[in-house]
Amino acid sequence: MDGYTIHSVNGPVVTARGGQTLSMLESVRVGHELLMGEVVGIRGEDAVIQVYEDTTGLCPGDPVSGTGGPLAVELGPGLLHNIFDGVLRPLNALEKASGPFMARGVNIGSLDTAKKWDVKILVREGDEIVPGTVYAECRETELITHRCVSRVTGTVVSVKPDGAYTATEPLMEILCPRDKTETLTLRQLWPIRTPRPVRKRMPISRPLITGQRVIDTLFPVAKGGCAAVPGPFGAGKTITQHQLAKWSDADIIVYLGCGERGNEMTQVLEEFSELLDPRSGKPLLDRTVLLANTSNMPVAAREASVYTGMTVAEYYRDMGYHVAIMADSTSRWAEAMREIAGRLEEMPAEEGFPAYLPSRLAEFYERAGYMVTLSGAEGSVTVIGAVSPQGGDFSEPVTQNTKRFVRAFWALDRQLAYARHFPSVNWITSYSEYVDDLEPWYRERLGHGFSGLRTRISRLLLEESKLMEIVKLIGADILPDDQKLIIEAARVVRLGYLQQNAYHETDTYVPLEKQKGMMEVYLYLYDAAKTLLDRSIPISQLRGTGIFDALIRIKYDVPNDNEEFVGEYSKKIDDAIRTVLEAHL
Amino acid sequence: MRIDYIGLSEVSGPLITLDHVSGVGYDEMCEITFSSGKRRTGRVIMLEGERAVVQVFEGTHGISLENVSTRFTGKPMSLPLSREILGRVFDGAGKPIDGLGAVCPQEVRNINGSAINPVARKYPRSCIYTGISAIDGMSTLIRGQKLPIFSGAGMRHNEVAAQIVKQAHVGGDDGNFAIVFAAMGVKNDTADFFRRDFEDAGALQRVVMFLNLASDPIIERILAPRCALTAAEYLAFELGFHVLVIMTDMTSYCEALREFSSSKGEIPSRKGYPSYLYSDLASLYERAGMIEGLPGSVTQVPVLTMPNDDITHPIPDLTGYITEGQIVLDRDMDQSKLYPPIAVLPSLSRLMKDGIGKGFTREDHPALSNQLFSSYAKVQEARALAGVIGEDELSDLDKKILEFGRIFEDKFVRQMPDENRTIDQTLEEGWGALAVLPPDELDRVDAVLLKKYYKQDSVPAMRGGM
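Note that the protein sequences, when read in sequence, are chains S and R.
With the first letter of the first sequence counted as 1, position 248 gets the number 248 in the numbering used here; the numbers rise by one all the way through.
With the first letter of the second sequence counted as 1, position 343 gets the number 343 in the numbering used here; the numbers rise by one all the way through.
Here are the simulated lysine-lysine pairs, DSSO-like style, with alpha carbons at most 30 Å apart: (1) R/K75 x S/K96; (2) R/K399 x S/K466; (3) R/K337 x S/K472; (4) R/K451 x R/K399; (5) R/K95 x R/K38; (6) S/K530 x R/K378; (7) R/K95 x R/K75; (8) R/K411 x R/K378; (9) S/K572 x R/K378; (10) R/K358 x R/K378; (11) S/K472 x R/K378; (12) R/K451 x R/K358; (13) S/K572 x R/K455; (14) R/K337 x R/K378; (15) S/K472 x R/K411; (16) S/K116 x S/K180; (17) R/K411 x R/K337; (18) S/K282 x S/K120; (19) R/K451 x S/K572; (20) S/K472 x R/K399; (21) S/K282 x R/K122; (22) R/K411 x R/K353; (23) S/K96 x R/K122; (24) S/K466 x S/K403; (25) R/K378 x S/K466; (26) S/K530 x R/K399; (27) R/K122 x S/K115; (28) S/K200 x S/K403; (29) S/K180 x S/K200; (30) S/K572 x R/K452; (31) R/K353 x S/K282; (32) R/K271 x S/K403; (33) S/K160 x S/K115; (34) R/K358 x S/K282; (35) R/K187 x R/K166; (36) S/K116 x S/K96; (37) R/K166 x R/K122; (38) R/K451 x S/K571.
These aren't lab readings, by the way, just hints derived from the structure by calculation.
Here chain S stands alone, though its shape is the one from the complex (with noise of 0.2 Å):
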């Protein structure tokens, strides 16, 4: 005991008074039912702790102690097909010691440690082992192997042979540097808030490929690169979130549910274990680890729980993983530290978020990159987060500085949502400045074309746009021809290509090539729709003839391993044009 007791209670926030062992970050222990806390200040002999479960009876006098190190939590097999509140507690276990509602001072480790997994040893007696050598590994589901990274330098001198262990056994004792002996197991702890350490950090250079046609073809996301998800409520940021969750090329998607609804999380849970992969035909939920703090559960812990996603992301990431991690919604972290900020009485700066927001955001988002690992592997964790910016208004203090921290930005549109245009994501407002860091690798892959294609289908947009601002001060009729054919053409970009059905079977995951063609198919009608102009036909025979209809319906008519139907509509193009001019003579 080292004899602090309960001072004040403030909310989530704890004051300790009477020791003097207490450290900043410390993880402690507060009152009889030993409800985790973390130090977050030190004032004299006074321990200011945020406290991560509900304060309720709470009184001064109640002992704390600490933990002698900072908030860690339990990493190793079991955590993926697994959902964890924002502190790593399995929250199937949670129900099952304390029944359907959230019970306190319950203290589950992460893993199961009854289970047993099917470890092969992968060092021998007398080998030296070295920070970043895998020395077991076993199966954690059907898609995923398990490497055991070790974190120390030593020698074995005992090794178990290969077999049925569980999570906490003994696999080897390790004799360290100074005579120290370590055991390894398959388990091991990481303090959250700490970034663990690689080998170097690689260039960008390879794409998450999403097969969402708006992001993969205008706002590509990189592997290792950082993507912000802003839009007001009803925009569509958690379906946005749950189809990259779905679809993306990733190896593991760490899916963190902060702050955000119950039955949302819920339904994550029940479609993600129905799914199946595209690429391996597993259930998703095998490559999947599920982090819920909803919005009724304890502040401090959804403020902790970003971080603890961000380490099971890079634990997964140091055994050779390409890891992207989903987390809806950044925004509550922030408010979460804005509201404990509050009950410390720190000096609130912009719109009463404390100072250090932008600090604690940059932290978050650079730990995102395309790694080498200490054991020479190739990993990558890409972030994408979602904001969601009070009253919709991107001017706001979350919004602006993730803008200043993520590479690719797309802007949700309240508008859109409300035409039932989804994905929401704004084509003027949105950006990606991955564009020509990924180009070579769209060269080698799709050939020269794809980026032609690229600025041409985001010229014709534009266009579009400015020309609505006219059309909606004097109407479409007065424009001349050449200009409604680049309404009419945008018109079909925006219906057939942009618009992406998320619950049709079809189109809710489109292949690069898919994509590619659909963009030549829609060039090409606008540019074999100019004969027509030549000869002073109007552009509205053309529409009588079904022809953008039909293209229109290329994502739902066409499938997705189809690859000739480019030729396929080029020449219902010509046949339409050919009818309208025949028409004519």
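The hints should help you fit chain R onto chain S, whose structure is shown.
Here is chain R on its own, set in the frame of chain S:
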């Protein structure tokens, strides 16, 4: 043994401060007794060493530093519950005010509740028919959902809420249905309107009311929704009722919270509201839902009036981020006597997609509602344009779109406060409105459904000339 603490060291707004107390827990209840024997209740909201700050529910008027004694109960605020609460009326703090005496409790529950473990939740799928086309057709209410009504002062949100209460039913087995009504800072007339309405519908025996009127103490306003939801959870998860909770008006609740926060001297955040407004609202709204393996459900329809009709105001804004959609009422529609004045475009039900369509309502429902949304969005554009260049100058297509808008609002949205439409009637009205549009405008409906349900108006569509 409990100690009576005589006297106080500070009184400020609804708060009193006591010094030299010990053994008191955070969030604990206490009784404050005047020397005359009158009693009030309070709750510990801050502890610092031997100093305790207590909020007094009935207000601090008449309290001096010396005329009261305080006794701490050692327990957090709780509510006595039994099946007998059905048909009863309580004040915001859960005390009976209908003169029928105290409830004989089967169980006493902490009103703060606890969060439902996400893995224990059952994902809501069965839809609740309200008989209101604009809701059933476009923003379907699902059992276990929280779907607020965003309104403004003077609009007919109470009528809409009352109509939902009267007509709400689930296809097939109805189970036990109960209503919990929480009034926070509403006028006497409004509370009376609801009471009469429940009476007219013969529903009083299924209703539990928690009334905190505009003149009642604000602290009880903060307790009222918590008491109501505790009662709802008990009815749902203990007794197996399907509970519909109506909470009105959330704006008064948030204002009470702000008043209370500023009297505590907390650092204000946006528009003076406390920084924990989001977490606080979430602790209420998230108590809606269903639990795997338990029979009942809690569905919430909170009503809030948007100050100055501003949907970006912190209260509707934060609410919208927590709830699963919203029903937005529109001032213009209300003024043109269109009832119900539901603004279709900004209204949304997030759970709708999983509770409608084949096997739930009707196969064409998802595509139809999508099409109506998208076409009605075009109506707004066409109206804006007509406002500038005049309706006569519009293209034929735009004129048809305007016509669609008129029919949609007049036939589909508009209905009588006692008109209870079936889902089939609602969907037919929808197809009826779409009939004025040419088929190539219907880009959200696939060919099979189009053939089956769409009947174009006999007037031949004009082509070209755009």
